[in-house]
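There are 2 protein chains.
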Amino acid sequence: MISYTFNDNTKIPIYEQLYIQIKNDILSGKLSANKRLPSKRNFANQLSISVITVENAYNQLLSEGFIYSLPRKGFYVSEIFKESYELADRRKANNTDDSTHTVFYYENSKDASHNDERQYFADFSSNATDPSSFPFSTWAKLTRRILSDDQSFLMKNSPSNGIFLLRDAIASYLQAYRGINVSPDSIIIGAGTETMYNILIQLIGHHRIYACEKPGYKKISEILNANEVENLQIPMDESGVIPSELEKNGVNIIHTTPSHHFPTGITMPVKRRYELLSWATSAEDRYIIEDDYDSEFRLSGRPIPALFSTDTNGKIIYMNTFTKSLASTIRISYMILPPELLNKYYQRLSFYSCTVSTFEQLTLAHFISEGYYEKHINRMRTAYRKKRDYLLSCIKDSGLGNISEINEEQSGLHFILKLKLKIPEEKFLKNLEENDIHIVSTAPQSYMINYSSIPLNKISEAINRINAATNK
Amino acid sequence: MISYTFNDNTKIPIYEQLYIQIKNDILSGKLSANKRLPSKRNFANQLSISVITVENAYNQLLSEGFIYSLPRKGFYVSEIFKESYELADRRKANNTDDSTHTVFYYENSKDASHNDERQYFADFSSNATDPSSFPFSTWAKLTRRILSDDQSFLMKNSPSNGIFLLRDAIASYLQAYRGINVSPDSIIIGAGTETMYNILIQLIGHHRIYACEKPGYKKISEILNANEVENLQIPMDESGVIPSELEKNGVNIIHTTPSHHFPTGITMPVKRRYELLSWATSAEDRYIIEDDYDSEFRLSGRPIPALFSTDTNGKIIYMNTFTKSLASTIRISYMILPPELLNKYYQRLSFYSCTVSTFEQLTLAHFISEGYYEKHINRMRTAYRKKRDYLLSCIKDSGLGNISEINEEQSGLHFILKLKLKIPEEKFLKNLEENDIHIVSTAPQSYMINYSSIPLNKISEAINRINAATNK
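Chains B and D supply the protein sequences, listed in that same order.
Here the first sequence is numbered in our numbering, starting from 1 and rising by one per residue.
Here the second sequence is numbered in our numbering, starting from 473 and rising by one per residue.
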């Protein structure tokens, strides 16, 4: 029988305290693999807390992969690959694939950030920001103040990795909201993730084998190809990218989106995370690029911990961007380098000027450190949740309700809509185009619904048009 | 006997009309090589214009290399390599060096844009902008207006090569002030010249031989090395980079600063320009990168025409930057691609997001198109001219007057101070450090005097300190 205690004199909600205690017991081995957890109702009675609190804790553990559920049986502790580090070399030597993966074979369909001239009634492929959500008045206020008060600072060249004030603000934010503890000196600021990637290739070297997830961000392969570096696309199963495939193909660097895979929406479970870390740790020149592009927008439960925070071997390059959380037109991203790469960066690449203007670096630094960023994220999250809920209810209430299934709607700003179409898919897509709706498919009869740029007042009509397109 | 006519009903000054007519006659062959031009006084009488007008025209022709002067003899037409294009292939086959070059052997001394922590009383190596010169109030006014009026535009992703408004403003500016006629579509905007260079390497390819001038911008070699592309440093003579050396070393792409060589200050004469173009034209994969970094700040006469405007074969990649003319902390540069590379760019690299934020692109677009940029440049030019004149008079009036010679003070924001030192150079440099002055040498007893960042009120004292350092 498991027993936990709760502290009422803290800001940490009860569900989160429960989640942490169960998680620690799983990691320490106190709760062993495949052990059945109490039912929600029993556990709630036993701990004198509400059923909903237990449910929240279980959901968080589920989405991070610490536990799994069997229909009509209950919740069980996952088999977490704790021995990964020790086994890594042996596994490498044997090079056998010990799991039975369901490999996903998506078409690497149309680029999600297409540059078509065509304006759709609703474009569910676009990751642009809703213009109405940008905090223009605050931004204008900060800009005005800075242009008047900080003139001499604004004329000083920024260090190569960005001004200290911004790196410090980001470090504090990451500590408070993402559980990531880093020194501002390990942060590199740059004009968008693509720019960071160009720097990374120069840092790690051209004569390495890079890899992306398949399916994944098309742009990453494009950047690698443009730089003429060898790169592969590594298949995924239901847990994410498959480590044995990395091993088999001699990959050195893998780009991955563990918190919220693009485009499938998969959150990489903890077992796979350890396997991936284990893969990286078993050779010196292996690194994992963790692209945490929309972690701010997990709409339910606690945010998924970054792979970066579980890494103790300096194998993770953490990347994040304000292009998603603030505006895609303000080009500010950052990466956190592990110690070895950081030294190399300072020695070999710090001759580069920082690619972001000091004006916008300073504005953003104040925006974060004065608390505006947090407020903005909270407001955005509420707005997106409202939008998502309305979107889901519109789908349910339309004819789509009976022929659809929705995957991974808890995280990030897109989900996957699976449809059982009665007409050929080609016809459906053609109908959509005629109805002035743009959607991209991630697999046969699976469609990415990216709702960040769709105004609330267009949602109902957009769903009606999608529904109509299934019927012609 | 040469005769020219002038048009009084035009804004073009008489000296410029004279310059253009002489230049055309030289280019057409009407004035043949080594022909002596009339003395300034005779020519002025003959044309019924003032001596100073003839002098201005001759100076412009001199600095562009169309004519040369012999002490106490007069002015002669240069031997311009007009047959270059036709001869290129033959010369390539023979691969002989037909000129007697005085090859410069500068040390590639300390990086001019060093990132030392130390703050000097006066740092003549820094290319930073004088903070007091940035048009803060105009910039703030434009920013405020844009943040209020253009919100929906600001949230739209910029095309890969930058927003049309900025490219159009640059194209108009180039036409009006630089004699360069290009379509806005051939302009690519990016976050600084270094970013442009990273894009160029991806565009032209890694398996080419790149070259820089020796001496030259240290950063260009650093970027090439960081990208692991083969690169050489090509020696210069008194006319600039030596084409036969490019030929001999199998160079494909040369980075050059023909308007104002960094750091020697040399303006490439027209003969060498044709030779260089001829070199580029004689093989398909050859390109010249023309870095026109401080052409706005030629302080006397008309600006030197860009190499780009004399190229009819699509061999020049023109680069310029606002980091020099506006502020080094606003990272906006641009390049103009010749048609073949432009097509390749649109096909293969336009998947990249533009690296400059839409906010700053739009602010700069208005800053240029509403005439503020022109005013700013004029004001800067006047301020720099004043600063330079004062600096030169301080040098003359100090003990330095008798032991110094000044080179290339007409162009750009730096010149070369040559000193006949009576103490060992090492001692002199040590004394300077002790006197809190930072200067870098470009050759033995030759020092780069970059005055852009030195406030006017520090100049007199700074020169006194330099003078004192020669005497200890």
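It is worth saying that the hints were derived from the structure and are not from the lab.
Treat the hints with caution; some may be incorrect.
Here's a subset of chain B near chain D, in silico, CB distances under 10 Å, partners left out [stated by the list, open to error]: (1) ALA191; (2) THR329; (3) ALA383.
Quick list of the computed label-pair ranges, beta carbon to beta carbon [stated by the list, open to error]: (4) ARG118(B) x ARG820(D): 51 to 61 Å; (5) ARG118(B) x PRO775(D): 35 to 45 Å; (6) GLY651(D) x HIS206(B): 36 to 46 Å; (7) HIS678(D) x ASN313(B): 29 to 39 Å; (8) PHE625(D) x SER28(B): 24 to 34 Å; (9) LYS483(D) x ARG145(B): 18 to 28 Å; (10) ARG617(D) x THR5(B): 50 to 60 Å; (11) LYS628(D) x LYS73(B): 48 to 58 Å; (12) LYS858(D) x HIS207(B): 30 to 40 Å; (13) LYS858(D) x ASN313(B): 56 to 66 Å.
We treat Cβ as the ideally placed atom computed from N, Cα and C, and that holds for glycine.
Hint numbers the structure violates, sorted upward?
Failing hints, ascending: 3, 4, 8, 9 and 12.
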